[in-house]
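Protein chains: 2
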Amino acid sequence: MPVLHQMQVSGNCYKVRLAARQLGVEIALKEYGLFDGLTRKPEFLAKNPNGRVPLLEFEDGRCLAESDAILWYLSEGTALLPSERWPRAEVLQWMFFEQYSHEPYIAVARFWLAFAPKEELEKKRHLVSEWHARGNAALGVMQAHLTRHDWFAGGRYSIADIALYGYTHAAADGGFDLDAYPAVRAWLQRVAAQPGHVPLEFAW
Amino acid sequence: MPVLHQMQVSGNCYKVRLAARQLGVEIALKEYGLFDGLTRKPEFLAKNPNGRVPLLEFEDGRCLAESDAILWYLSEGTALLPSERWPRAEVLQWMFFEQYSHEPYIAVARFWLAFAPKEELEKKRHLVSEWHARGNAALGVMQAHLTRHDWFAGGRYSIADIALYGYTHAAADGGFDLDAYPAVRAWLQRVAAQPGHVPLEFAW
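Going down the list, the protein sequences come from chains A and B. The working numbering applies: residue 5 is where the first sequence begins, and numbers increase by one. The working numbering applies: residue 5 is where the second sequence begins, and numbers increase by one.
Hints may contain errors.
Cut-off 20 Å, straight-line C-alpha distance, at most; resulting in silico cross-link-like pairs (SDA-like, lysine to any residue) [what the hints assert, rightly or not]:
(1) B:51 to A:148
(2) A:127 to B:138
(3) A:128 to B:129
(4) B:51 to A:144
(5) B:51 to A:91
(6) B:51 to A:159
(7) A:127 to A:115
(8) B:128 to A:134
What the hints contain is simulated information worked out from the structure, not anything from laboratory work.
Work out the full structure: start from the sequences and follow the hints.
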């Protein structure tokens, strides 16, 4: 079965575990530490020259990087990815929004505030206000959309929701207060109520 | 015909113009200034709450944001997007790489060094070395891939190449020296030799 090279606490890796679970795709997990540097070693760089997890490695040796590309690959032809051209484009719009305008602030704030050693955080302290400003801007864009729609694309639960759920549901770890975003909070509950949903901590 | 809300000097907008041109898709251009603030005004935010160009607006009022989502939408069913599952995933892997690990350094360095007012650049001067380090890391990943492959996905020219060409071909504007990346330079020439290629400056 495919091996997911991953870090359990990473929201990007959680996305892949959650989608695989809901799709009934069996994967094995290979765990890396946040600080062990193994993703920068030659053995890992041979699989992903960009030195990042998640990375999905198939039995024949092919490797696929980038969490949202993995979500797309796993969900093609399933109920988690619309089959029509327009909602597919919407799915991608929201996944690129997530990686460009959301993750670099909401996930990065979470990493530094919740996981990094205190002395390392102090070197980044001057960046926290910008992470919060830009992360809140992203949450505001989500709130505006979710005020008028239950889901991000195609009128139903899809990998666009999984992609955005990964770090949004853990945003408090990075110092974000979701009370200001009631439509986002209601959507988080709808996602968590989907059949086969598992929390970030779940591993199998 | 669809209207591309755009800035002519933006590599993200150039990607869309180039793909549309090569696909024979007619679009009209609506130009915004780098510093006129119009993409943050209510009229534009009603079209894209994230306040960014490119944005493709269709005759019926639907709007699609995110350059690489627009590329995907325009190229579904054409020679610029493989039809098989694996190379499609490769296309997305490289487009997400571009938006997460490449554009935030190579495009951002170009904006500040080549277009921003000098006094504004001075406030960002302390970030230039990090932009260059991370941008060169991205160019190194591209160089490693292009040493073994002519194209980024599926063994042929695709929207993955267009996505990465957008800012790579203009990297010198941001202070990057491509002499260290001969495979990248050779690939830039292959992209520029494709039928229907137009330079960033081209508008129609």
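Structure-based check of each hint:
1. B:51 to A:148: 12 Å, holds
2. A:127 to B:138: 18 Å, holds
3. A:128 to B:129: 17 Å, holds
4. B:51 to A:144: 15 Å, holds
5. B:51 to A:91: Within the cut-off at roughly 17 Å; holds.
6. B:51 to A:159: Holds. Residue 51 (chain B) to residue 159 (chain A) sits at ~19 Å (cutoff 20 Å).
7. A:127 to A:115: 14 Å, holds
8. B:128 to A:134: Within the cut-off at roughly 13 Å; holds.
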